[in-house]
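Given the sequences, and given the hints that come with them, work out the whole structure.
Chains as they are written, first to last, in my numbering: chain A, 1 to 195; chain B, 1 to 184.
Hint data in this document are derived by calculation from the structure and do not stem from the laboratory. Hints may contain errors.
Said to hold, decoys possible - Straight-line alpha carbon distances no greater than 30 Å define the calculated BS3-like cross-link-like pairs of lysine-lysine that follow:
| no. | chain 1 | residue 1 | chain 2 | residue 2 |
| --- | --- | --- | --- | --- |
| 1 | A | K105 | B | K175 |
| 2 | B | K26 | B | K16 |
| 3 | A | K186 | B | K16 |
| 4 | B | K175 | B | K19 |
| 5 | B | K19 | A | K105 |
| 6 | B | K16 | B | K175 |
| 7 | B | K16 | A | K105 |
Said to hold, decoys possible - Ranges of calculated distance between the beta carbons of each label pair, as one might list FRET restraints:
| no. | chain 1 | residue 1 | chain 2 | residue 2 | range |
| --- | --- | --- | --- | --- | --- |
| 8 | A | G126 | B | I27 | 17 to 27 Å |
| 9 | B | K175 | A | K186 | 18 to 28 Å |
| 10 | A | R132 | B | A10 | 15 to 25 Å |
| 11 | A | R132 | B | L31 | 43 to 53 Å |
In this text, all values refer to a predicted model and were calculated from it rather than measured experimentally. Beta carbons are placed, not taken as given, at the ideal position from N, Cα and C, and that holds for glycine.
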Amino acid sequence: MSANEIMLLVLAVGSFFIFRFYVCKIVPRSPKTQAARLLRIRNASLIFQILIAISLAVGLYAVLAFLCGWPCFSDRGAHVVVSPGHVYTSLAEMPENVLAWVLVKTGLDFAAAAVLFLLFGLYRRGIMFSARNVLYIRFQGYYLILGFVVNYLMQSALHDMNLSTTSLFAGFAIIFIAWVMDEGRKIQEEQQLTI
Amino acid sequence: MNTNLITSEANHVRLKRIKTGSRTLKILFLLYLIGAAWCELPWYAFIKWLPQGSYSKISDTPLLTLSEIGLSACLLLALAITFWQLISLYGAGTIFSSRNVQLLGRFGYLAFGFGLVRAWMPGINWAWREWWETCSYSIFSEFFLYMFLGLVSSPWIIGGIFIFMISRIMDEGRKIQEEQELTV
Numbered sequence: 001m002s003a004n005e006i007m008l009l010v011l012a013v014g015s016f017f018i019f020r021f022y023v024c025k026i027v028p029r030s031p032k033t034q035a036a037r038l039l040r041i042r043n044a045s046l047i048f049q050i051l052i053a054i055s056l057a058v059g060l061y062a063v064l065a066f067l068c069g070w071p072c073f074s075d076r077g078a079h080v081v082v083s084p085g086h087v088y089t090s091l092a093e094m095p096e097n098v099l100a101w102v103l104v105k106t107g108l109d110f111a112a113a114a115v116l117f118l119l120f121g122l123y124r125r126g127i128m129f130s131a132r133n134v135l136y137i138r139f140q141g142y143y144l145i146l147g148f149v150v151n152y153l154m155q156s157a158l159h160d161m162n163l164s165t166t167s168l169f170a171g172f173a174i175i176f177i178a179w180v181m182d183e184g185r186k187i188q189e190e191q192q193l194t195i
Numbered sequence: 001m002n003t004n005l006i007t008s009e010a011n012h013v014r015l016k017r018i019k020t021g022s023r024t025l026k027i028l029f030l031l032y033l034i035g036a037a038w039c040e041l042p043w044y045a046f047i048k049w050l051p052q053g054s055y056s057k058i059s060d061t062p063l064l065t066l067s068e069i070g071l072s073a074c075l076l077l078a079l080a081i082t083f084w085q086l087i088s089l090y091g092a093g094t095i096f097s098s099r100n101v102q103l104l105g106r107f108g109y110l111a112f113g114f115g116l117v118r119a120w121m122p123g124i125n126w127a128w129r130e131w132w133e134t135c136s137y138s139i140f141s142e143f144f145l146y147m148f149l150g151l152v153s154s155p156w157i158i159g160g161i162f163i164f165m166i167s168r169i170m171d172e173g174r175k176i177q178e179e180q181e182l183t184v
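See the structure below:
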């Protein structure tokens, strides 16, 4: 994809959102009833599920393009960036141990995207605060922590450290917030059962 | 034994655990801000990220870059304050209130803003420098390419959008629950 085509794509997406914003301004807002709220949640969740599905499909094709040498979106072909000093444009250039870690990291990325897809699926069905929601949110925290560990091992193999600890802390914070939400949900359930 | 008493005891234990967990996370967060975050302060990190290499001193850094660094530092500070407020609310036993989701939403769009500045700053600096030195208009297509790639590849931007979206959905869910409780 050339720079001009990308520019056109950005303009098209931008025009779409501007048009939608303009239409929303003209059309009167729907009343804040329970049904209207559920409908809004359903629509928003569906949009996000579609975006996640598209990114999963594009990501899968990009990975296969790198592994099998298929044509890719950019003129330079598919490439994998492990760290700023290590960019691989073909499978033959990549050492085996680095390839193994890249595949593990890619698998983790796909798993996290799939779990996010399932989370928005729960929201679309109107399930907002169940134990399963908490499980899926907690998974994202574990994904960030595992992703940090895999990055560390991958860059250790290359003797080139360029890590950020932000993802590690964010993972722990997400796990804590999920745990608090779970405890809060149990408190609410017990209060509802109390006579 | 009265089941209501057992239930209230269990809730008290849960709230106490949440309070202890919040306090622990606050201490860890402070240590993280002081320790690990010091190595990744925006003014140091951004200088490393510039496409033409780094500047050896702050006085060598252009004003545009310094203002971008200042903006990202303010956004980081706002993120830290919002996170602190959210953890404090959990520590006070407030878990599903409107204030919680409001703070979560604020965290989402601050993260989005930080990601936007961080992703686009190298492209803006590069385009500004190229245009200033060469007065070439052909750099604009590559400038938009930088912007687009930065937008879709930044974890802060993507994470911020998802956190904001989840906070909005939780807010709607909370209002539904409240309406159901008020309905006779």
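A quick look at each hint next to the structure:
1. K105/A - K175/B: 38 Å, violated
2. K26/B - K16/B: 15 Å, holds
3. K186/A - K16/B: 14 Å, holds
4. K175/B - K19/B: 25 Å, holds
5. K19/B - K105/A: Not OK: K19/B and K105/A at ~35 Å, beyond 30 Å, violated.
6. K16/B - K175/B: The hint holds at about 27 Å.
7. K16/B - K105/A: With a Cα-Cα distance of about 37 Å, the restraint between K16/B and K105/A is violated, given a limit of 30 Å.
8. G126/A - I27/B: 17 to 27 Å: 38 Å, violated
9. K175/B - K186/A: 18 to 28 Å: 22 Å, holds
10. R132/A - A10/B: 15 to 25 Å: 22 Å, holds
11. R132/A - L31/B: 43 to 53 Å: 33 Å, violated
When each numbered hint is compared with the structure, violations occur for hints 1, 5, 7, 8, 11.
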